[in-house]
Every structure is written in structure tokens, then in C-alpha cells.
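Chemist: Each chain, written out:
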Amino acid sequence: MSLRPTAKMRNAGRGAACLPDPPRKSIIRGMQTVLTVTVNGESRALDGPVSVSGLLVSLGLDTRKVAVERNEEIVPRSRYAETWLATGDALEIVHFIGGG
Amino acid sequence: MDGSLPVEDTWTVAGRRFRSRLIVGTGKYKDLEETAAAIEASGAEIVTVAVRRVNLSDPKAPMLQDFVDPKKITYLPNTAGCHTANEAVRTLRLAREAGGWNLVKLEVLGPPPLLYPDMRGTFEAAEALIKDGFEVMVYCADDPLAAKRLEEMGCVAIMPLGAPIGSGLGVQNPAMLTMMMEHVSVPFLVDAGVGTASDAAIAMELGCDAVLLNSAIALAKDPIRMARAMKLAVEAGRLAHLAGRMPRRMGADPSSPLTGLIR
Numbered sequence: 001m002s003l004r005p006t007a008k009m010r011n012a013g014r015g016a017a018c019l020p021d022p023p024r025k026s027i028i029r030g031m032q033t034v035l036t037v038t039v040n041g042e043s044r045a046l047d048g049p050v051s052v053s054g055l056l057v058s059l060g061l062d063t064r065k066v067a068v069e070r071n072e073e074i075v076p077r078s079r080y081a082e083t084w085l086a087t088g089d090a091l092e093i094v095h096f097i098g099g100g
Numbered sequence: 001m002d003g004s005l006p007v008e009d010t011w012t013v014a015g016r017r018f019r020s021r022l023i024v025g026t027g028k029y030k031d032l033e034e035t036a037a038a039i040e041a042s043g044a045e046i047v048t049v050a051v052r053r054v055n056l057s058d059p060k061a062p063m064l065q066d067f068v069d070p071k072k073i074t075y076l077p078n079t080a081g082c083h084t085a086n087e088a089v090r091t092l093r094l095a096r097e098a099g100g101w102n103l104v105k106l107e108v109l110g111p112p113p114l115l116y117p118d119m120r121g122t123f124e125a126a127e128a129l130i131k132d133g134f135e136v137m138v139y140c141a142d143d144p145l146a147a148k149r150l151e152e153m154g155c156v157a158i159m160p161l162g163a164p165i166g167s168g169l170g171v172q173n174p175a176m177l178t179m180m181m182e183h184v185s186v187p188f189l190v191d192a193g194v195g196t197a198s199d200a201a202i203a204m205e206l207g208c209d210a211v212l213l214n215s216a217i218a219l220a221k222d223p224i225r226m227a228r229a230m231k232l233a234v235e236a237g238r239l240a241h242l243a244g245r246m247p248r249r250m251g252a253d254p255s256s257p258l259t260g261l262i263r
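These protein sequence lines are chains A and B, in that order.
Just so you know, we're using the working numbering here: the first sequence kicks off at 1 and counts up by one.
Just so you know, we're using the working numbering here: the second sequence kicks off at 1 and counts up by one.
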């Protein structure tokens, strides 16, 4: 039985002075961590550990023009760097487009 | 006095003052260049925008902000396409994070083909959003009780439809809108239904504070020219409202004197 916190436990601490937890591993292949997350409805395997910042950079997105929701909760821009992704996370990355 | 609009003829929503009484949508245009040109021609100071997933396969695609500067034009994020309160609230929280502003347009819609305002969902979302610090301009049915209730909840503008979204049928309910307006003290806008310039003028003549439209410009054969027509129509309608129309009469009343006629 591992003592490492689950994604749920880490989420529960959000809003309080929650520590930027070092990333936790889901599947270990040799030395590499692989996370499986859903981004805009598509399943993606990411080389971890990876934060929201890291994900946005790897996707080539301008962080000033998008907003991110993780498991139906907003991730404030100021916390992208310290928000580590966990397997099973569902992310929505949105921006403004033309609309009436 | 030359009859032009008084310089101080502005309207205020959520503490923000605007001169233009035309709010335009940014959807359905051919491209972003045309969107920007139409906004320019319309004179609008507020534009509605939608919140959607980024296309991850084309992350460098041009974005609306590159063509319409949110520092110069107030972005009013909407919840178009949301059919539940939860979707609408999540969408606007994302919009607030993306843009950093609280002024939003709430619409919770029923199913096609009418996309009629779902008032139960609208109330639920409005309550959650206001509690969360949003300033909510709300799309609603032409229901005087609903409008009053939304105002009492703290919505900053009441925006009933003149006809279904994108229908271009014009203002189908002028009498009901007039009756609603009497009981609303926050800004009152017609949102949806305008099809051409005269419709926008009618909405303003009724006494609306502003008009919100999108398709009437974007789907015109020449959107830029229609944008200019809408600008003028809104100004004309506003002037006519301020001027006060003549009374209607059932019968003729000659404009020329009846004396001095040749025999």
C-alpha cells in the first residue's frame, strides 16, 4: 500500500495552500512515466511528469489566449506551472471564437 | 440644435458606459478579416464571442483576438450552444479565465429548431453566476414575470428575443416588449430576431436601450454595408424614440391647409 496521494486527494487540497506536489507516476516503463489524460475529448498519452504549463507548451498554444479546465474545475493561469497532471484527468482547453 | 443625437446620449451596463447602442455577434462570417471589417462598420463597442475547444491539430490558427482587439472592443462572452445551466456556468468560468472579465451574456437554450430560451435552466445558471461574481446580461423569453425575477436576482441587462435566434423574422412581439420594458429598470435589449435595418430601428423606437444581432449582418449579401445600415438604423430608431412619434389615428388628416383652395 503506497502512501502517495491520489489525484482526488490532491484535488481536495486545491484552493488551500496546496503544495505543488511532485508528479506521481501511473505507469512506469523503464525510467519514463506515461500519463493518460483526455484533452478536449481525445485521449492522449503524455510523457510525465507534466504540468498544465508543460502540456500547453507541448501543444504549441499561447497561454495568454486560452483557458483550461481540469476535471470540471478552472485552473487559474497563475497555477499552470504547479498543476501536475494525473492519469484520468479530463482537460478542456478553450479560446474565444466568433459567435452570436 | 440640429436634431442629432445629444453627445451625452450614452447607456450604462454594469457601470460601463457605451455610446453605441448596437451590440454585434462575431459568428457566421466568411473569415476573421470580414468579421473585423463588419464590426468597424457597425460602430459597435461590444461584441459577443463564443467559447470553444481549441483545435489542437492547428494550434497556430489565427485567433479572433488577433483581428478584434479586446482592449478596444468589449468582448461579451456568450453561452451559445449550452442547453443546461451547468454547461453555461462552466463555459463562462472558462471565459472569465481566458479574458479576465466578469461581464457575460447568459443564454440557456431549448432544443432545435426553436432554440427558445430555457427559462428554468436560465434561472439556475443566473443564480450560480451572480453568486460567483459575474455580471450577467441575460437572454430570455418575452415573459414579463421572468424578466422581473431575473432583474431582482441581480442580472445587469434583460435581453428578450424579438424572434428565434438567427430567424431574421424581425420584432414579432412589439407590444409584449413594450409591456415588459415598463417593469424593468436595468438595460433592456432586443437580442435575436432582427433581420434587416428596419427591424433594428423598430426595436429602438420601442424604447430599447440597445439591440444585439449577428446573423442579420453576417448573412447579408454585403455584410459590411449591412453593418453600416444597422448602425444608422439603431441611431435613427433611437432618435425617433427620443423625438416621440405622432399619435396613430384611424383616418386621414390632411397636411395641407383646407383654406384658400381654388374653386
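One thing to keep in mind: the hints can contain errors.
What the hints assert, rightly or not - With a cut-off of at most 30 Å between alpha-carbon atoms, the simulated DSSO-like pairs for lysine-lysine come out as follows: (1) B:K131 - B:K148; (2) B:K71 - A:K65; (3) B:K30 - A:K65; (4) B:K148 - A:K65; (5) B:K28 - A:K65; (6) B:K72 - B:K28; (7) B:K131 - A:K65; (8) B:K60 - A:K65; (9) B:K30 - B:K148; (10) B:K131 - B:K71.
Unchecked claim - Computed far set for chain B versus chain A, every beta-carbon distance over 10 Å: (11) G43; (12) A80; (13) M119.
Don't read these hints as lab results, they were simulated from the structure.
Even glycine gets a Cβ: it sits at the ideal position worked out from N, Cα and C.
Chemist: Compare the structure with each hint and give your call.
Modeler: Consistency of the hints with the structure:
{"no.": "1", "hint": "B:K131 - B:K148", "in the structure": "18 Å, holds"}
{"no.": "2", "hint": "B:K71 - A:K65", "in the structure": "13 Å, holds"}
{"no.": "3", "hint": "B:K30 - A:K65", "in the structure": "22 Å, holds"}
{"no.": "4", "hint": "B:K148 - A:K65", "in the structure": "36 Å, violated"}
{"no.": "5", "hint": "B:K28 - A:K65", "in the structure": "21 Å, holds"}
{"no.": "6", "hint": "B:K72 - B:K28", "in the structure": "22 Å, holds"}
{"no.": "7", "hint": "B:K131 - A:K65", "in the structure": "26 Å, holds"}
{"no.": "8", "hint": "B:K60 - A:K65", "in the structure": "11 Å, holds"}
{"no.": "9", "hint": "B:K30 - B:K148", "in the structure": "38 Å, violated"}
{"no.": "10", "hint": "B:K131 - B:K71", "in the structure": "27 Å, holds"}
{"no.": "11", "hint": "G43", "in the structure": "18 Å, holds"}
{"no.": "12", "hint": "A80", "in the structure": "5 Å, violated"}
{"no.": "13", "hint": "M119", "in the structure": "20 Å, holds"}
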